[in-house]
Amino acid sequence: MAESIRVDHAAHHDDHHGAHHGGHEMSFTEKYVFPLDHKMIAMQYMFTGMFMALIGGFFAYAFRWQIAFPGTEAPLWGQVSPAEYNSLVTNHGSIMIFWVAMPVLIAAFGNYLIPLMIGADDMVFPKINRLSYQIFLISAIVILSSFFVEGGAFGGAWTAYPPLSTKAEYSLTPLGSTLWITAVALEFVAFLLGGINFITTAMNSRAPGMKMWDIPMVVWMIVIASILFMLSVGPLLAGGIMMIFDQNLGTAFFNPDKGGDPILWQHLFWFFGHPEVYVVLLPAVGIVAEIITVFGRKKLFGYKTVLYTAIGTGVLSFTVWAHHQFIAGIDPRMANVFTVTTLLISVPIAEMMFVYIATLYGGSITLSTPMLWALSFIFEFLIGGITGIFLGASGNDIFMHDTYFVLAHFHYTFYPIAIIGTYAGFTYWFPKMFGRMMNEKLGKLHFWLTIIPFNTIFLPLFVLGAAGHHRRIFDYRNFPELSHPWMWDLQALATYSLIVMLLAQIIFFYNVITSWISGPKAPKNPWNANTFEWTATSPPPHGNWPEGLPTCYRGPYEYSHPDRKGSDFWPQNEPG
Amino acid sequence: MSSRPIATTRSAAGMPTPRLAVWWLIASEIVIFGGVLGSYIMHRLAHGIWADYAANTNPWIGAFNTFVLLSSSLSAVLAHQAAERGDGKRAANLLYLTTLGGVVFLCVKAFEWTTEISHGMTISANTFWSFYYTAAGIHAAHVIAGGIIMLFVAQTAKRNEELHRVEIIGIYWHFVDLVWIFLFPLLYIAK
Chain A
4 MAESIRVDHA
14 AHHDDHHGAH
24 HGGHEMSFTE
34 KYVFPLDHKM
44 IAMQYMFTGM
54 FMALIGGFFA
64 YAFRWQIAFP
74 GTEAPLWGQV
84 SPAEYNSLVT
94 NHGSIMIFWV
104 AMPVLIAAFG
114 NYLIPLMIGA
124 DDMVFPKINR
134 LSYQIFLISA
144 IVILSSFFVE
154 GGAFGGAWTA
164 YPPLSTKAEY
174 SLTPLGSTLW
184 ITAVALEFVA
194 FLLGGINFIT
204 TAMNSRAPGM
214 KMWDIPMVVW
224 MIVIASILFM
234 LSVGPLLAGG
244 IMMIFDQNLG
254 TAFFNPDKGG
264 DPILWQHLFW
274 FFGHPEVYVV
284 LLPAVGIVAE
294 IITVFGRKKL
304 FGYKTVLYTA
314 IGTGVLSFTV
324 WAHHQFIAGI
334 DPRMANVFTV
344 TTLLISVPIA
354 EMMFVYIATL
364 YGGSITLSTP
374 MLWALSFIFE
384 FLIGGITGIF
394 LGASGNDIFM
404 HDTYFVLAHF
414 HYTFYPIAII
424 GTYAGFTYWF
434 PKMFGRMMNE
444 KLGKLHFWLT
454 IIPFNTIFLP
464 LFVLGAAGHH
474 RRIFDYRNFP
484 ELSHPWMWDL
494 QALATYSLIV
504 MLLAQIIFFY
514 NVITSWISGP
524 KAPKNPWNAN
534 TFEWTATSPP
544 PHGNWPEGLP
554 TCYRGPYEYS
564 HPDRKGSDFW
574 PQNEPG
Chain B
565 MSSRPIATTR
575 SAAGMPTPRL
585 AVWWLIASEI
595 VIFGGVLGSY
605 IMHRLAHGIW
615 ADYAANTNPW
625 IGAFNTFVLL
635 SSSLSAVLAH
645 QAAERGDGKR
655 AANLLYLTTL
665 GGVVFLCVKA
675 FEWTTEISHG
685 MTISANTFWS
695 FYYTAAGIHA
705 AHVIAGGIIM
715 LFVAQTAKRN
725 EELHRVEIIG
735 IYWHFVDLVW
745 IFLFPLLYIA
755 K
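Sequences listed follow chains A and B, in order. Here the first sequence stands for residues 4 to 579, where the numbers follow the working numbering. Here the second sequence stands for residues 565 to 755, where the numbers follow the working numbering.
No lab work stands behind these hints, which were simulated from the structure alone.
Not the full set, but computed from the structure, chain B residues with beta-carbon under 10 Å of chain A:
hint: 1; residue: Trp588
hint: 2; residue: Ser603
hint: 3; residue: Ile687
Keep in mind it's a predicted model, so treat the numbers as computed, not measured. Built from N, CA and C at the ideal position, the CB exists for glycine as well.
When you get a sec, could you build the whole thing from the sequences and use the hints?
Now the structure itself:
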């Protein structure tokens, strides 16, 4: 009988099919404020994420000014007080991970690309998709509003360790702490809803003929990332509820004076926190795979290898979390186990990088703006990965813990992921998203003015960290014996570089706006790429392919195929 | 616009989309409850004294609630059966009965909690009681959510529309039941 229900279902759809793609005119609110179209929801996520990135970047500027030039007023902000410093650092981290990396890499690219790349007209649950964005938007408003309540925004670091996060007499932010954890929990709910949508859509709604190995890598990566997120975030969501109760109802889950355990929070947090790194990494890796094959005109070297390493990374990522807690009082024998698993996880990631380098080898490379971003991703992430091995070894980590070395390490991983990965994807799919080509000259200028300062911010911080500079010191003037003049110089270099990098983003926004308004019109397939989205018009209408959805005949990376005469690409939808 | 994308009619994985999605939803819920119960079990093993606190719970009330919730799952199965036969009216009535089971469960819970709180066993009394109220409270929130959604499903099923939803809400309801099957021995019986 289940069969007849499904038929009933299909008949239902046929009745309404006409209305779906027909001449129904949508009002402004229907189209832009409460859209059901996956592409418009993707744009909402994208621009909310970029707006939050500006805020997070500005926070970084304010506290970096304080670090390099303590006691002077930061232009546009003023004197940073110690409490402000803590809340700026905390919210910079929280915003950049939860309100920039997640919405842009998973939600915006996932929403935009999954239906287009698998040849579907929309997500399977458009209304849940819209709800997911709305919950996300509320969470963003909640985190921003925490700056305007009494006591100010939460300042106990993005990891929110108790008792600093649970006891108002320590944090001095009775309302800010609760708003912070509420915003984070809401954000998780939004991405759980979005994730179910992504996974179900990719599993069920692929175009006829699209087998497992014909799915573009970026779709695979976003789906694996969504599964990772879903399987790791639950304990922290539960922990979030427990933390809200600790803050407001007088429970003592994380309070040792009343039988609780503060380390429990650390376990719940990092059980999610470490897989989270791979949740945002995998989509960026997928974006890079699409770009290097198109601009290298070569088949992806080892499609299945990349896929298996991604799954292997995902599985291993659940076993490494306590490497964040080497000095939290965990059993040293346990620390050895986590050292081994942490070093192991670099194997699949290294494998992935080798595959990418092998893909580039012998290709006919075009150094376009997206390709520059993709190549720099491989290069910069490598530095982040290799410095991770230093920190994964528990003996060394005890020395390095909480120094600028750790900070530089995770910025060398998250920056390539969240910023470089986003710019790579955004410049690559811009013609599809907005129907116009971006200015290549400005794009390259923006690339160099972003990537050079990025390195001059964080390379000095590796040096400072190895010399023992501690990352949570508000004002190093109070420790003159620990801060030599050369250290001050390196801190100033990092801050000046940050200012240059932030100013360079003006070029990006100028480029986006002018290209959007008056750039040359983009053809359907400006890069001669194979995947489905390039067979739709630029930008695709609601429903993506009004003339009929595509059928898949081959894998996504058939570039320079020897059997293909006359062109070096072979779109997935072309029969024969 | 109540149009449906063609995407929703495909099933490349061989399972109808709504059923696939509810299984993923349950996967995510399992980890949420896993976090609470895992933390509880670790604490419980480390603190022998919690057995004394747990002795204050009333296993008879817990057993009655287990019985109520399990019976409501039976009517959810019968509702699915009716929906398969295309009998939307009967499916709707059985869903109402299932919701009623949820309501009885919540009323008993309210009575039980009121008694306990009035005897000083509040959420902040000690960490055992914190876990007791938090774990059962998160579960109760799921009962409430499931009950509300079930009323909507019954509303459409009555008109013989969207009958496939009866199965979906049933799967969810069984999961909520199953969580209680874990909570009952952990919070009430283990001494």
